[in-house]
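Single-letter residue listing:
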Amino acid sequence: MVSLCKMRLPRLLGLAALFVLGGILAEDVSAQESFGRVVGRVTASDTGQPLSSANVLIAGTGIGGLTNQNGMFLLLRVPPGSHTLEVSSIGYSTARADFTVLAGEQSQVNVTLDVDPLSLDEIIVTGYGTARKEELTGSMVSIPSVQLELPTTTTFQDVMQGSPGVLVTSLDGAPGAGFDIRVRGQGSITAGSEPLYVIDGVPLFNDGEAGTQVSNGGRTVNTLASLNPNDIESLVVLKDAASTAIYGSRGANGVVLITTKGGVAGSQIWASEPKLELRTQIGVSDFAHQNLLEGLNAAEYRDYYLTARVNDGMSLANAETQLANQWPLQEDNNWLDLISRKGVTQQFDLSATGGGDGYTYYVSGGLFDQEGNVDQQYFTRYSSRINLTAQLTDRFRIANNLSLSRTEQNGINDGSAWEAPFYMAVFMPPVLPMYDEDGYWYHRHTNVMGANHPVGGLYENPQNRETSRVIENLTGTYDLNDQFTLQTAWSFDLYNIHDYVFKNMFFGDGRNSGGFFDDSRVDNLNWQGTHTLSYDNLFSGSHSVNTVVGYEASKNDRERTNVWGEGFAHPNLKLGTSAAITEGTSTKDQYAFESYFARVSYDLDRTYFLSASFRTDGSSRFGPDKRWGKFWSVGLGVTLTNMEFLEDQGFFDYLKLRSSYGEVGNAEIGNYAWRGLYGFTRAYDGLPGSGPSGVANNELTWESQGAFNVGLDYAILDSRVTGTVEYYKKSSTDLLLDVPVSLTTGFRSTLQNFGDMENSGVEFTVHADMVRSQDFDLGLDFNITTQTNQITRLTEPFLDDTKRREEGRDFQEYYLYGWAGVNPDDGLPLWYTDSTKTATTSNLSEAERFYDGKTATPKYLGSFGLSGRFKSLTVSTLATYMFGHHLYEGAARFYHGDGRYLPRSTSRWAYENAWRQPGDQALFPRFSWGGVNSSQPATADRWLLKGDYVRFKDITLSYRFPEELANRLQFNSLQAHLNVTNAWTWVADENLHFDPEQTVSGVYNTGTPNSRTLSLGFTVGF
Amino acid sequence: MKYLKIAKIAAILPMATAVFACNELALEPYASVSNDAYFQTIGDFRAAIVGVYDQMQLQDWYGRSIHLMSDIMGEDVKQSGSANRYQEFADFEGQVVTGHQFERELWAEGYEGINMLNMLINAEPDLPAGVQDEYTQIMGEAYALRGLAFFDMVKMYAQHYTFTAAASHPGVPIVLLSDVEALPARNTVAEVYSQIISDFNMGIGMMSETRDGPFMMSREAAQALLSRVYLYMEDWGNAEAMATTVINSGKYSLVTGQAYLDQFVSGGSNEAIFEIQNTDTDNFGSDALGGMYRASGYGDYLPARDLLNLIDPADLRMQMFVVDPLLTGIYASHRVNKWPTRSNTDNIPVIRLSEVYLNRAEARARSGDDPGAQADLNLIRQRGLASAPAVTATGQALLDEIALERRVELSYEGHRIHDLMRNKMDINRVDVTGDVAFMAYPCNFCILPIPQAETDTNPNITQNAGY
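As you go down the protein sequences, you meet chains A and B in turn. Quick note, the first sequence lines up with residues 1134 to 2155 if you use the numbering used here. Quick note, the second sequence lines up with residues 205 to 671 if you use the numbering used here.
Chain B on its own, in the form it takes in the complex (with noise of 0.2 Å):
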């Protein structure tokens, strides 16, 4: 009796064992994707695309860093008393003391872009024929977002394209594969445009539909991006050229009156040819570009008044500014109120088409075409202020007036400082409150260093001269 007792007690323990023994280890997540599983459909694309434009929106990219600091080391930026983010490079010190690490940051995330449009270009799926268009069209945006992301780590870890006569100073890596141990040196700066171009260009033959208007990648932003590039490069032909693709494709026209000041609030106006996109989920708070420059935000950076001068008062471009009776001293009088919105669903220009008709005002004055040159300032100028003369400057005259205009019209979308330096010139700073009034052309520290963390991981990688 007792021992089928125990041979029943034993017959059900392996039961109850064999049931638990069954406990299943191999578990799949599920907030994520195993890399084997992904780009398989074409819904995998679409996603991946979409986190690519996400990681452009990130702060330490367009989303803020890269417009502020290229413009915080220009000529149009004071810092308010509460300044302190990007202190070392308002004032070229030369070295990473803040703590903040945005070089580090916009490094960071500029080559995660890179990469993750590297495996999205490199995967190999296996797609049915009614979506190829569309996976076409995909593959043509990251293309040229990968020629955009390359160009923005080249203009602002490298100098410009000019500073040696080949362009044959140290660039960035080209990274074109996912290699989580790779070590890359940096290309030379002719290296890196030539990648650009290759990147831009393959994109432009790719791209025929515009998914989502201004607000993502586009066959006439690529081609306007290029325009900027070859402005760069000081190709003057190819930069007309892709200019006046850009205009005559008839998709852009320069908006007026308060269209004009409600460009970069609205979002998606008729000038706007690739901008970043801000909704109510994307908040940064304070933390947003134009969170630095409002006082219901930080208001760190103030405009300098030397720009406000330039500015007719009844200028269009004078109700981007507004006055705030705070400020006195040396902080008066002004604040920027491009991106008024205290819940940051502003939209950041990328390019938009009066820059390329600046471009192309530029390259038509560089290569000896005044007249055409004077009708492109002309459109930008008067549209700002009707009344304002038409101009009738030539050669290096008419030069300045463009480099004015520009100045004026990209203001705070991270210009100046490119452009000064692309056309050798010194850094002025008029109404300053910073340590520096002045920097002479060539600067080795109007470029951002090579972050500590890349030189610490990396053997081939070269600091910047200076740093």
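Chain A on its own, in the form it takes in the complex (with noise of 0.2 Å):
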């Protein structure tokens, strides 16, 4: 068996088999009969208007289509006799219809649903499965395709935000830039708390560190932008461990569940005709947030220069000559303007769905091209999907989803490297000229900030990144029954990146080197092939069971290339073949798993639910004796409305109760982190060297968590109010730790199963329909999540930059120097010696880092939002807010200078607000060269700021144009859309100079705000 492991043979078995098993089951092609023909229209019986994507489906058959924009359906190849047609859609009841047809001939049934709030017929999609919304034990958020069309964003992680429960925020507003994502809290300490994503059964290849770029700085970049979110059907975050743990060592962080459309594998085979689609949007966009933090101009800049030097002993007149000497050429450049744009974003996407005798497909194509608010930033994706079923008999079908993307980015590192755009904006003086005599970017300042140019290195050091992406899934499936199903999936993503980062050889880093370049590939290849077997079956028409048993293996192979060069012939070169390579690396690393797993679900009289589930992974993660781990969960739900005891009430029309308690784990812990290794990246005079990387630790393993959930869904008002009430509590234990060790030992720290956390909150959704007419609809949507999280277990507390972890804490509770201001006598700064605050004192070495109270952590989060519609015309918006968070500003200590970095600028603020004179109640010291007195560590309070913020994210207006004039325009359907991204943003602190949304740890780091985009969008139906 293991000779046989090492060929390459099992990948290709496995789909041989695959297609054994079709060939042997094509015997069941059954003679062709003569079928006859449906057609109908669906319309809502509230508004009066057509259903377009409702499920329309002859019961007992696999015959089912959706409507398209008037509601039209049509079916094809239904066998002769009477059927049950079966009509549903999200927000209103399924309704039967009884029909006969005749072979050759085509029958019409018109269907007319009733609004039903509870959606309880909403089909989910679950972990290996689906589930109707009625029957589902453990928590879930839905999220509808709607919501990721219509707004111009750029990724469909960017329409989480909001959900309760789940905690999104970009960690950047460049264009194609990553989010943190974190469902129901910090899970982990050192390993992985981003969820595991999965699309259409294949978990994606998400890893940032793979792909960030190697030099200064670290712009963070987003591997799921590949996808394009109008290619989405359905978004589904699992969050607890009813719902995760089906996905084992990879599900303590929350899955998503991506499904595209038309791609809900082993679904049934739909046929409709052919629905095209063009949608449209054009957008213009500026930054967010309004009050960023802007630079001096040159008359303040000299005088702070001045006082600066003065204050420092040094006389006027020397501080003069000084200043001529340093600027020579002195302009009065507005960097944070000259580096700032309008941005235009485009985007264009054609559909085609549909189906005919047997088969169906959805096909799309599309382009997003979005310029950044900074100058050169940019994000471009080209996208395609094809996916295809076909009926290959009454029993064996076969489902084939393919999608190609290619995208292309562009922008300068953010972060505090010095070419960083926003921290140059204020950093860098404004008298620095933009030109020389040439005419080119001015860079004799080589002694300051690396002679780099704010708006120059925009332009002559690009730094692209190009991804090109194909994920492929085959499903077969056969029903031996029509209980028992069996399906065979083989997916794999394949996924290439190219980075490429340059410095030009006049200024900037590349000057010392004659110039530069960096470029790297990695290519990742997943591949995974799952198959299980299903089996429904409901017994005497009360108990429901729905079981699923599964195997599954898959692999992950990495492989990273990196040549680095410099010293280009000709400014004009900027690849490797002109420069001297200075270093060539290739590395590869491969990870596998391989899982059993199985899930049962029962429910009796739609009243009384179970649910358990349980799986069991091996992996290449761990060390030997650790290589398997058992994870599981049950799940319980009651609809108490049913029960007699709430029978006679009249105030809930619906009542559910749903707990589940699990145990999932966390496998984000490094490829071989338990093995002790000797690594090879280290060279000397030419020659390969090596030296200890890794500590051995066998007992190393995946972290476990053990999540309670319970909740209650509920309706009031005659189902006009609706909405949930949760509480989680997940309890992570073993958290790997880099638990440090005495450095006299060679190594800073080991890698340990060590530590506890927990996160617990509550959850709490309310929609209300307030009107509800034929012509005119207005409904409200509000949710807030509360989070609480405790590190429950840790020997030693560490210090990690602004925070220190330490048992009973909150993981993200700041430790920090206490400022008291500054004293108004001297202009020097005054520090709290300790956290009592009682006493002061202007020497640092006398005062002690605290805990004051403050975290990263929001304590509050959610959304909020108004729809409504009046008659063809809707209207939605969303606002998303977060609060009793603080961020830190990580580069204050050194744009909000003293005097300090000079020649380096400071900030208006801080110039606007320094000491002058005895008696001034300032907020920062006295100006001084040199700095004041250790005004500025790296770790004070008083560069931490209130966090609160509540952001109207989307709004979108949308008309529908009347069936007559669509019609007259060629067209089946027109609709145009109005929206605005992050049209306002209220933040509590008016001293917040920098988008409110920030990483999970609170800390800013000068990255690129987010922009505010208007866009203007038409679908077309043709």
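No lab work stands behind these hints, which were simulated from the structure alone. Warning: the hint list may mix true and false statements.
What the hints assert, rightly or not - Computed spacing ranges between beta-carbons, pair by pair: (1) B:TYR234 to A:GLU1940: 35 to 43 Å; (2) B:TYR234 to A:TYR1494: 37 to 45 Å; (3) A:ASN1695 to B:THR245: 50 to 58 Å.
Ideal Cβ placement from N, Cα and C applies to all residues, glycine included.
Join these two chains into a complex; the hints should help.
Written out as structure tokens, the structure is:
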């Protein structure tokens, strides 16, 4: 067996088996009979409007379809006889209509659906299956496609923002940048805390580290930006153990299930008439946060410079000479204005859906092009998708989902690297000339910030990333009988990243080496094979059982090559052939999983619900002694309103209690972390060298998590008010920690399963249909999540930048020097000596860092919105908010300078609020060259700001043109949308000079602020 | 018929499953080798010793910090307007405030090097006879490098050898085994020096060839370094003996004229005994040692004018400095140009022949051999300026002349603070831009603090006095 494994055969055999299976079953092809056709229209009872995208299914057959924009459907290949048509749509009760069709003839069936605010029949995608919403015992959020299609979103992650229990915060506003996403809190200290992403059953490669650019800073990247949000049918976030335990050792951080249009593997085959749709949007953007930090003008800068010199004891005349020596040419440049621009965003998506005799298709092509609000920043995505299904026999069907995408992006690194745009915009003196006599970017300031140039760098130092991605998923499904279904799926995710960084030879970081480049490529292949057997049955009308058992194997293979070179022969040359190659590297790493899993769901009388799941994972990431882990969950649900004691009350229209408990894992611990290793990244005098790179720990294992959830789904007031209240508690144990060791051992820390952590909170959602009528609807949505985090076991506290991780405290609690203001007498900084805040000192060495109850973890987060309709005009709004946390302005100690970093400049805020003369009640100490008495340590609460914000994230106005008008234009349908993203932002702290959306660590590191975009779009149906 | 079909499917499914079931979970890394598979061949030892040179080359060790921190604490550097990195050490603040934690990095990188050497030295390979000589040479280098590493640690983190009568004051932990759970206490300075001498002598006994010129450790390099060790211990006899052995080996000679100026640029001069070889691939950018001095780098550190005043304008060594017209007022007038190359391929000296002569001159003067001392001193002085008068001073005056010559000849190579301390002299900064112009001997803050990361994790370690 082992020798077989060494060969490439297994992969091929898996596929072969699939087709052999298909081949055998092909015997099933039954003799063709002559069929009938059914056409009809689906309308909503409340509005009288046609319902598009409603599911139409002939009960007991595999025949069904979706309605078009005009509510029309057409079903082919219907066996003659009497049938029942089942029609369902989100927000409406399922309706049934009986009809009869004759061979070779067409019947017409029109159906009207009644409103059902509870959507109990909604089919929700779950791990390795689907479930009706009513059956769920676990906790999840389902985001429908309409929210993904309308706003100008680069990535689907953006749309998850504001969902209950899900913290989504953009790391950076640059186009294509990444997000921090935490499902129900920070679950780990050092291992990954991002959820698992699964698209049509394929786990996605989502490893920021693999692609982070090598040098200088580290702009965030988003490997998920390769997906076109328009291709997504549904987005489901699984939050509790009952939902995620089936993903075993990868379930602890939550799971995001992405289902593409027409891509429900193994779903019923639906044939309908072709539906062609074109979406276009064009938008223009600027920065969303209006109070961005500004630098000085030239006059202010000169005053700052001279004041700081004179305060340091220099004569004014000498200081002026010094200034003139430093800046022989002086201009007055507003760098923030010069690096910023209005950005144009364009989006075109063309899709076709439909099907014929035994096949369906969804085909799409998309182009998304976004200019960032920093000059030269852009993100472009080309994407296409083909989702096909074919009913090969009555019982055997196959589905193939194939997507291809290409993204291209450019932009200088953010962060506090010297050339980072939002760092230099303030820190670089305004007097720096834009150009020299030759018309080239001025660069004679070699002793100021590495002769970088705020604008020149954007043009001359390109930093590109190109990605190409193919995600393929081939599924075969065979119905053994009405109850048993076999499914086998083969998938891969092939992802290629190409990063290219260039630094010119004249100014900035490349000036000492004749220019340099850094070219890196990552090839990632993730393959997976999944085989499941499922069983569905309804016994004596009241017991319903649904089970699935499965086997899954997967492997990830990542290779990376890197080339560095320097010394270009000519400024126009930028590639390796014209430079001296200084270094080349290539690496490869792998991990593999092998898993068995099972789930049982049972319901009695649609009142009592039970579900249980189990998974065992084997992983190459763990040492031989700890290779296999077991994970499980149990969930229970009761529809209380179906029980006798609640039968006669009139208050609750629906009440369901759910609870679950389970144990899941987090395997994001590094591929070879358990091994003691010798690494080979070293070199000396051209010879390769080695050194210890890891400490062996055979006991190293996944982090585990016990997760408890209890929730109540309710509907009151004639079901006009619906929602959910949930409480969760997640106890993470065996957290991986880099436990610091004595440096004399030659190591700084060793990785151990060491800590415990607890996350708990309440999620509350409410939806109210305030007005519901023929012409006018008005609805309100609100949700709030509270979250509490506590480290429950940690033997030794340890410092981690602005935080100290300590048992009994919030993971993100700040631990800083306490700023007590400026002494009005002498303009010197004052520090609290300790947490009692009773004594102050001007000498930082007499002060200590302390906790002050401030953390980067928001206490409350959520969203609210109003949606309305007047006839064919709809409006929807969404605002997101976070409260109770603090942000840390990481680079403040540099650019809110008090003279320490002269000749570099300072911010206008610092300039206008500095101490000038005795008696001044100032925010900033006196200016003095060389700095004032350690006023600017790296970790002080003078840079801590309230993080509370409310952001009107999305306002969409949508108008549906009358059908006649659309038809006259030769369209089936026509809709226009006006959309504003991040229209308005409220922040609690008036001194917050940066975007309130920052990383979960709360530390602002001069990233690009988020954009505000106004866009106009059309959706045209052909 | 139907059941037959189900049976077929039942047969196929296990097949599909079985082929996947052999998915290999014991994956070996590609970029590294498991510890238990290492130190099996001579190639493993070759790479491991190269790894140690790479370690010493790091910016936080010989790449910059050990020389720069020593010189910033000494007398010959003044901080420019933009200097911020090592401010707490320049101004003897007695606390770490800049957040750079260079004192932690040198400690961590130094002990990482020691651990790498321990793993190499303690490995028990079964090597074929044909490679035994090379193995012995590599082992010799390893021992000598460990001696140097302990010497670097003890000179930066502990008071000098003669601080107490029997050198019984705290030194640094002697770590000879690889044990990630160890929490060692500090050994005394006497014990550390004893280990240093033992390691150097082990190395001297095992090394026979020079594998990479002055770019790697050699028998003579170990002997030359040992002459410095003995000098610091005031063991004049051994210091002279070691220096004489190196001088008489005939492998090295003092270089003159342009070759003198080029010795750090091109590297591998006849005078170099051991130096860190920087190549294009090692480019630290402006963060390299030279980048901290040059205008084209950070230019944070400037030469004190009183040092320049000690050098005759015609002296060859004056050419190691350049005038920068942008420097005015207190920052005027020169920059250190010892490492002029913008791509930072200049080499970092660890020890060179001129120091060996000066070590011997001092040892001879201390043991009453003034003529011998004068001869050694004149060699160095007149190499810089041929017309310089021969030294005739004797006794303390001669010792003062030797100290002066060390200050000039070995400037910016990390010597001055250690020479001042072992001679129990105060620090007198004449041309100063920082906060501190004078620091009396004994001086708590003329050595680095034990880093907080160490005191936090290791209850057995004691902090240096005053910190």
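Quiz item: Looking back at the hints listed earlier, which ones does the structure fail to meet?
Solution: The structure conflicts with hint 3 only, although it agrees with all the remaining ones.
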